[in-house]
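Participant: I would like the entire structure built from these sequences, with the hints used as guidance.
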Amino acid sequence: MTQSNKDIDALIEMMAKLPGLGPRSARRAVLHMIKKRSLLMMPLADTLQTVAATARECLNCGNIGTTDICDICESEKRATGEICVVEDVADLWAMERGQVFKGRYHVLGGTLSALDAIGPDELRIPKLLDRVTSEGVTEVILALNATIDGQTTAHYIADQLEARQIAVTSLAQGVPIGGELDYLDDGTISAALKARKAI
Amino acid sequence: MEWRSEGVLLAVRRHGENAAIIEVFTPDHGRHAGIVRGGTSRKLAPVMQPGAQLHVSWRARLEDHLGTFTIEPLKSRAAQVMDDRKALAGLNALCGLLSFALAERDPHPDLYDRTIALFDLLGANPHWPLAYLQWELALLEDMGFGLDLSSCAVSGTTQELTFVSPKSGRAVSSSAAGEWADRLLPLPACLRGVGDGSLDEMSEGLRTTGYFLKNWMAPQLGNKPLPPARQRLVDFFT
Chain Y
1 MTQSNKDIDA
11 LIEMMAKLPG
21 LGPRSARRAV
31 LHMIKKRSLL
41 MMPLADTLQT
51 VAATARECLN
61 CGNIGTTDIC
71 DICESEKRAT
81 GEICVVEDVA
91 DLWAMERGQV
101 FKGRYHVLGG
111 TLSALDAIGP
121 DELRIPKLLD
131 RVTSEGVTEV
141 ILALNATIDG
151 QTTAHYIADQ
161 LEARQIAVTS
171 LAQGVPIGGE
181 LDYLDDGTIS
191 AALKARKAI
Chain C
1 MEWRSEGVLL
11 AVRRHGENAA
21 IIEVFTPDHG
31 RHAGIVRGGT
41 SRKLAPVMQP
51 GAQLHVSWRA
61 RLEDHLGTFT
71 IEPLKSRAAQ
81 VMDDRKALAG
91 LNALCGLLSF
101 ALAERDPHPD
111 LYDRTIALFD
121 LLGANPHWPL
131 AYLQWELALL
141 EDMGFGLDLS
151 SCAVSGTTQE
161 LTFVSPKSGR
171 AVSSSAAGEW
181 ADRLLPLPAC
191 LRGVGDGSLD
201 EMSEGLRTTG
211 YFLKNWMAPQ
221 LGNKPLPPAR
231 QRLVDFFT
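Taken in sequence, the protein lines are chains Y and C. Each residue of the first sequence is one higher than the one before, starting from 1 at the first, in UniProt numbering. Each residue of the second sequence is one higher than the one before, starting from 1 at the first, in UniProt numbering.
Mixed in with the good hints there might be a few duds.
Unchecked claim - With a cut-off of at most 30 Å between alpha-carbon atoms, the simulated DSBU-like pairs for lysine-lysine come out as follows: (1) Y/Lys-194 / C/Lys-86; (2) C/Lys-43 / Y/Lys-197; (3) Y/Lys-35 / Y/Lys-17; (4) Y/Lys-17 / C/Lys-43; (5) C/Lys-75 / C/Lys-167; (6) C/Lys-224 / Y/Lys-194; (7) Y/Lys-194 / Y/Lys-102; (8) C/Lys-86 / Y/Lys-127; (9) C/Lys-86 / Y/Lys-197; (10) C/Lys-224 / C/Lys-86; (11) C/Lys-75 / C/Lys-43; (12) C/Lys-75 / Y/Lys-197; (13) Y/Lys-127 / Y/Lys-77; (14) C/Lys-43 / Y/Lys-194; (15) Y/Lys-77 / Y/Lys-36; (16) C/Lys-86 / C/Lys-75; (17) Y/Lys-36 / Y/Lys-17; (18) Y/Lys-102 / Y/Lys-127; (19) C/Lys-214 / C/Lys-86; (20) Y/Lys-35 / Y/Lys-6.
As the list claims (entries may be wrong) - Derived Cβ-Cβ restraints for the label pairs, each shown as a range: (21) C/His-15 / Y/Gly-179: 23 to 29 Å; (22) C/Ala-218 / Y/Leu-21: 40 to 46 Å; (23) C/Asp-28 / Y/Leu-171: 36 to 42 Å; (24) Y/Ile-69 / C/Asp-28: 53 to 59 Å; (25) C/Pro-166 / Y/Lys-194: 53 to 59 Å; (26) C/His-15 / Y/Thr-54: 55 to 61 Å.
FYI, nobody ran anything at the bench for these hints, they're computed from the structure. Only a predicted model underlies this, so the values are computations on that prediction, with no experimental measurement involved. Quick reminder that beta carbons are idealized off the backbone N, C-alpha and C, glycines included.
Facilitator: Right under this line is the structure:
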């Protein structure tokens with residue numbers, strides 16, 4: 001194997017470590033980039049280098065951006081008194097995709113987990129409690145996953161906020177848009193029935 | 001190697017991109033781990049919540065391999081407890097203690113039956129905390145650390161049993177306790193299966209079972225600390 005092939009193999013190996021890519025798809029992606037070197041590969045390399053140097057967690061909410069305080073926390077328009085608590089940055093980005101929520105976010109960085117020994121101090125819960133006071137928050141929306149760990153975390157946070165005079169709400173659970181009842185699991189049907197509303 | 005059984009899901013951990021390693025508690029094979037291919041998929045993720053009752057089929061080339069599970073849901077319990085913070089804490093404590101206490105692949109059929117009965121009560125019956133307390137006694141019993149709360153260790157009487165000896169795990173009556181009373185553990189009526197278990201009684205009962213879990217059982221399991229999920233449940237009663 002020549003030195004140049006070694007470099008390409010190393011790139012394929014690195015690409016194959018990305019989620020959703022295996023060795024074959026990584027090889028295809030690398031080949032595609034090499035074919036479009038100036039159009040794709042060089043700009044991608046530049047962008048990767050820039051982001052690697054500048055990407056960081058927002059000191060306030062835990063979102064990932066390229067500045068110490070992210071755009072959402074900087075924006076005065078987002079100071080609605082509402083904070084949406086999410087487990088992970090991916091959840092924050094999913095909420096932003098919906099373009100419905102106009103307040104600010106708080107990324108916990110995980111959920112309480114008895115088995116993995118993740119307690120409140122391992123998450124950004126103390127920072128959330130600080131923000132509720134310092135930012136004059138009136139409502140905390142718990143947008144955590146509808147899993148046992150997610151809901152355990154939600155209840156824990158709700159307990160911590162109980163003494164403060166603010167609304168604590170959580171996302172509804174039930175039938176997804178386009179969902180067919182026949183394909184839903186028992187738990188979802190049960191949650192949807194509990195949360196039924198008048199039409 | 002292959003077997004089929006039913007079991008209750010205790011823990012799920014991601015494995016690679018799509019798979020999950022799960023721990024199930026089965027009547028015939030005890031606490032058993034295995035890989036579920038596609039376990040993090042949208043189809044399986046709702047099923048794979050701790051406390052779910054599953055039909056599992058385990059397969060491996062050799063018996064001591066980790067092996068793979070294929071699963072089918074029998075009963076989902078997540079929705080039953082998610083709105084009820086105390087029941088959720090109970091479910092977490094149950095799963096945490098079972099993962100903590102049970103040796104892998106060591107069957108405990110009686111404890112399994114009691115566990116399923118308790119899971120069914122969580123979030124559905126307001127008296128489940130009493131059943132939980134009895135379950136902790138059953139866990140101690142099954143692990144070889146059973147308490148004898150039927151009669152006084154000193155006088156043999158079955159009346160006025162108000163303490164438990166931390167040394168022998170036997171009941172002690174209030175008259176026999178004498179000046180030793182402050183060194184003994186409380187024996188509330190609910191720990192003997194009597195009464196409706198007030199908050200104070202539950203707290204005392206959990207303190208007593210917690211002592212034996214921590215000081216009798218845990219040292220035999222490598223002196224690991226008790227799962228924090230149990231403490232979170234105890235906090236609801238203090």
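Participant: Take the hints in turn and mark each one as holding or not.
Facilitator: Evaluation of the provided hints:
With a C-alpha separation of about 18 Å, the suggested pair Y/Lys-194 and C/Lys-86 falls inside the 30 Å cut-off, and the hint holds. For a cut-off of 30 Å, the pair hint linking C/Lys-43 to Y/Lys-197 stands: about 26 Å separates their Cα positions. Between Y/Lys-35 and Y/Lys-17 the alpha-carbon distance is near 22 Å, which keeps this suggested pair within the 30 Å criterion. A threshold of 30 Å between alpha carbons decides the hint, and for Y/Lys-17 with C/Lys-43 the separation of about 25 Å falls inside it, so the pair holds.
Of the pairs offered as hints, the one joining C/Lys-75 and C/Lys-167 is violated, with about 41 Å between alpha carbons and a cut-off of 30 Å exceeded. Taking the CA atoms of C/Lys-224 and Y/Lys-194, the gap is near 40 Å; set against the 30 Å cutoff, the hint is violated. At most 30 Å may separate the alpha-carbon atoms for a hinted pair to count; Y/Lys-194 and Y/Lys-102 meet this at roughly 28 Å. Between C/Lys-86 and Y/Lys-127, the direct Cα distance comes to roughly 25 Å. Compliance with the 30 Å bound is thereby established for this hinted pair.
A hinted pair counts as satisfied when its Cα atoms are at most 30 Å apart, and C/Lys-86 with Y/Lys-197 qualifies at roughly 25 Å. Restraint check for C/Lys-224 and C/Lys-86: satisfied, since their Cα atoms lie roughly 25 Å apart, inside the 30 Å limit. Distance restraint check for C/Lys-75 and C/Lys-43: the Cα-Cα separation of roughly 15 Å lies within the 30 Å cut-off, and the hinted pair is therefore satisfied. Our distance criterion of 30 Å between C-alpha atoms is met by C/Lys-75 and Y/Lys-197, whose separation comes to about 25 Å.
Restraint check for Y/Lys-127 and Y/Lys-77: the C-alpha separation of about 22 Å stays at or below 30 Å, so the hint holds. In summary, the hint linking C/Lys-43 to Y/Lys-194 is supported, as the alpha carbons are separated by about 22 Å, within the 30 Å threshold. With a C-alpha separation of about 41 Å, the suggested pair Y/Lys-77 and Y/Lys-36 falls outside the 30 Å cut-off, and the hint is violated. For a cut-off of 30 Å, the pair hint linking C/Lys-86 to C/Lys-75 stands: about 20 Å separates their Cα positions.
Between Y/Lys-36 and Y/Lys-17 the CA atoms are separated by roughly 22 Å; this keeps the pair inside 30 Å, and the hint holds. Note on Y/Lys-102 and Y/Lys-127: the hinted pairing holds, with a Cα-Cα distance of about 21 Å set against a maximum of 30 Å. For a cut-off of 30 Å, the pair hint linking C/Lys-214 to C/Lys-86 stands: about 22 Å separates their Cα positions. As the CA atoms of Y/Lys-35 and Y/Lys-6 are separated by approximately 18 Å, the hinted pair is consistent with the 30 Å bound.
Against the hinted window of 23 to 29 Å, the Cβ-Cβ separation of C/His-15 and Y/Gly-179 comes to about 28 Å, which satisfies the hint. In this structure, C/Ala-218 and Y/Leu-21 meet the distance hint of 40 to 46 Å, their C-beta atoms being roughly 44 Å apart. A beta carbon spacing of about 40 Å between C/Asp-28 and Y/Leu-171 agrees with the range 36 to 42 Å that was offered as a hint. The hint said 53 to 59 Å for the Cβ distance between Y/Ile-69 and C/Asp-28, and at roughly 57 Å that hint holds.
Checked against the hint of 53 to 59 Å, the C-beta distance between C/Pro-166 and Y/Lys-194 comes to roughly 44 Å, which is inconsistent with it. Checked against the hint of 55 to 61 Å, the pair C/His-15 and Y/Thr-54 fails, with Cβ atoms roughly 33 Å apart.
Consistency with the previously given hints fails for numbers 5, 6, 15, 25, 26, ordered from lowest to highest.
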